[in-house]
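*Asks:* From first to last, the protein sequence lines stand for chains A and B. Heads up: the first sequence begins at 20 in my numbering, then just goes up one per residue. Heads up: the second sequence begins at 17 in my numbering, then just goes up one per residue.
Check before you lean on any hint, since a few could be wrong.
What the hints assert, rightly or not - No more than 25 Å apart at the CA atoms, straight line, and that leaves these computed lysine-lysine pairs for PhoX-like: (1) Lys79/B with Lys61/A; (2) Lys314/A with Lys79/B; (3) Lys35/A with Lys98/B; (4) Lys120/B with Lys33/B; (5) Lys33/B with Lys79/B; (6) Lys120/B with Lys319/A.
If you are wondering where the hints come from, they were derived from the structure by calculation, not from laboratory data.
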Amino acid sequence: MKSIQLESIHQDLGAKMTPFAGFNMPLQYEGLNVEHKHVRAKVGVFDVSHMGQIFVQGPKAVEFLQKVTSNDVSKLYPGKVQYSCLPNEQGGIVDDLLVYCLAEEQFLLVVNASNIEKDFNWLRGYEMEGALLLNESDDWSLLAVQGPMASEAMQELTEVPLGEMKYYTFEQARFAGVDNVIISATGYTGAGGFELYVRNKDAAHVWHEVMRAGAKADIKPIGLAARDTLRLEMGFCLYGNDIDDKTSPIEAGLGWITKFSKDFINSEALKAQKENGPSQRLIGFVMEDRGIPRKDYRIKDAGGEEIGRVTSGTQSPSLGKAIGLGYVQSDYKAPDTEIFIEIRNKALKAKVSKPPFYKG
Amino acid sequence: MKFPEDLKYTPDHEWVKVDGNTATVGITDFAQSELGDIVFVEIETEGEELDKEEVFGSVEAVKTVSDLFMPVSGEVLELNPKVEENPEIVNEDPYGDGWLIKIKMSDSSELDDLMDASAYQETVE
Numbered sequence: 020m021k022s023i024q025l026e027s028i029h030q031d032l033g034a035k036m037t038p039f040a041g042f043n044m045p046l047q048y049e050g051l052n053v054e055h056k057h058v059r060a061k062v063g064v065f066d067v068s069h070m071g072q073i074f075v076q077g078p079k080a081v082e083f084l085q086k087v088t089s090n091d092v093s094k095l096y097p098g099k100v101q102y103s104c105l106p107n108e109q110g111g112i113v114d115d116l117l118v119y120c121l122a123e124e125q126f127l128l129v130v131n132a133s134n135i136e137k138d139f140n141w142l143r144g145y146e147m148e149g150a151l152l153l154n155e156s157d158d159w160s161l162l163a164v165q166g167p168m169a170s171e172a173m174q175e176l177t178e179v180p181l182g183e184m185k186y187y188t189f190e191q192a193r194f195a196g197v198d199n200v201i202i203s204a205t206g207y208t209g210a211g212g213f214e215l216y217v218r219n220k221d222a223a224h225v226w227h228e229v230m231r232a233g234a235k236a237d238i239k240p241i242g243l244a245a246r247d248t249l250r251l252e253m254g255f256c257l258y259g260n261d262i263d264d265k266t267s268p269i270e271a272g273l274g275w276i277t278k279f280s281k282d283f284i285n286s287e288a289l290k291a292q293k294e295n296g297p298s299q300r301l302i303g304f305v306m307e308d309r310g311i312p313r314k315d316y317r318i319k320d321a322g323g324e325e326i327g328r329v330t331s332g333t334q335s336p337s338l339g340k341a342i343g344l345g346y347v348q349s350d351y352k353a354p355d356t357e358i359f360i361e362i363r364n365k366a367l368k369a370k371v372s373k374p375p376f377y378k379g
Numbered sequence: 017m018k019f020p021e022d023l024k025y026t027p028d029h030e031w032v033k034v035d036g037n038t039a040t041v042g043i044t045d046f047a048q049s050e051l052g053d054i055v056f057v058e059i060e061t062e063g064e065e066l067d068k069e070e071v072f073g074s075v076e077a078v079k080t081v082s083d084l085f086m087p088v089s090g091e092v093l094e095l096n097p098k099v100e101e102n103p104e105i106v107n108e109d110p111y112g113d114g115w116l117i118k119i120k121m122s123d124s125s126e127l128d129d130l131m132d133a134s135a136y137q138e139t140v141e
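Just chain A, same shape as in the assembly (with noise of 0.2 Å):
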């Protein structure tokens, strides 16, 4: 099991920690419902420090890029981020992923843990001279600081306008006295907020710092089992769950990140399976009956035919319904179709709504 950098102030701050992706993590610290509530209401702070970070650089790194993912590169800018995937020659996805324009022939892609091997691997499998490939994953700490206070409480760590930022766009900066700290407005929580990419060396002081600078908008750190809950709040796919090696963007509903305007790995069966329609297709749904839904479980229709499985389940903190994500035939995609998730034996009744659920 791999160890992230600050493994030990997690545990002094008595967080239950879980094995996930081959990294000791913390899964929660006073317990999921009050640190997700407060994520919507205030601010938290997450340690993500298992993502991966793999740099491409070098006069061929957009032409890499265009190659292997499926979102279109050539609309980035220096200080522009995009979420995107990297498609398989079968018809699936390797990963999906964020790509930062850290300059013209200068990229970032943030991975998720689970793939960092996978990906570096399948990265270099189209490896191109002039996009030179570098897995920097271990020497990266990553701090998600999310929620509607995060801009007011963080602001007197930088100099960088935060309130001013635009989603999806980021700065190189002196954040807590740390030059060259990536501070993104992005973030996997639909509760506005930044992401802090900071060397490791330098991840105890900045956790400090953003604890201690948050402490006036009441700061808690938050553990993986609310950030599972407010990205599924927002119908945000996980890797392993909602979308892998087989399902299509297409069918996920990530057609907005699968532009045809260029070339790419497996995109000719791409468009001919936009065109044609898929013939399954990821929906979000919300449940009527008293049930919770969880991966694997069956979705059946009203005749008690099975249609699909459950991708992603559980109950909203905000929402107090339970909630999911599943692939269904096609026919059964539209908003407001009833369906049943066949949870122990019984078949409880659920409706197809398009997330997100919460809306703020």
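Please build the complex by placing chain B on the supplied structure of chain A, with the hints as guidance.
*Replies:* Positioned in the frame of chain A, the structure of chain B alone reads:
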């Protein structure tokens, strides 16, 4: 973490409080802490005669669901009505207001198979 001395414990992380022929059953402090925020408790076996280790219901937490097992054989006499309305009391007070069911025991010798507080504490530490 609390392990009250006056209770008996099962390997499934339930506790039993004996009063004559009646056993009150709940889940332990350790169990509620492992489950995390409990969303609802489903028990549809009121009035049924169940054997030891049969499932009498389930506890659904945000992250996971767990079956509830009969610690001893008997009839499920009543459920805790408060738990239906406020399942979070199982997290807040697992040994008190968060009790789950009362059982009319059919074979009180089964109690001998249960652990005392210190034996149970050893299994979770």
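*Asks:* If a hint holds in the structure, say so; if it does not, say that too.
*Replies:* Hint by hint, here is what the structure shows:
1. Between Lys79/B and Lys61/A, the direct Cα distance comes to roughly 23 Å. Compliance with the 25 Å bound is thereby established for this hinted pair.
2. Taking the CA atoms of Lys314/A and Lys79/B, the gap is about 11 Å. The hint holds against a cut of 25 Å.
3. A distance of roughly 28 Å separates the Cα atoms of Lys35/A and Lys98/B; the hinted pair therefore is violated under the 25 Å criterion.
4. This hinted pair checks out: Lys120/B and Lys33/B have alpha carbons roughly 12 Å apart, not beyond 25 Å.
5. Only pairs whose Cα atoms come within 25 Å are accepted, and Lys33/B paired with Lys79/B is rejected, the gap being roughly 28 Å.
6. Between Lys120/B and Lys319/A the CA atoms are separated by roughly 39 Å; this puts the pair beyond 25 Å, and the hint is violated.
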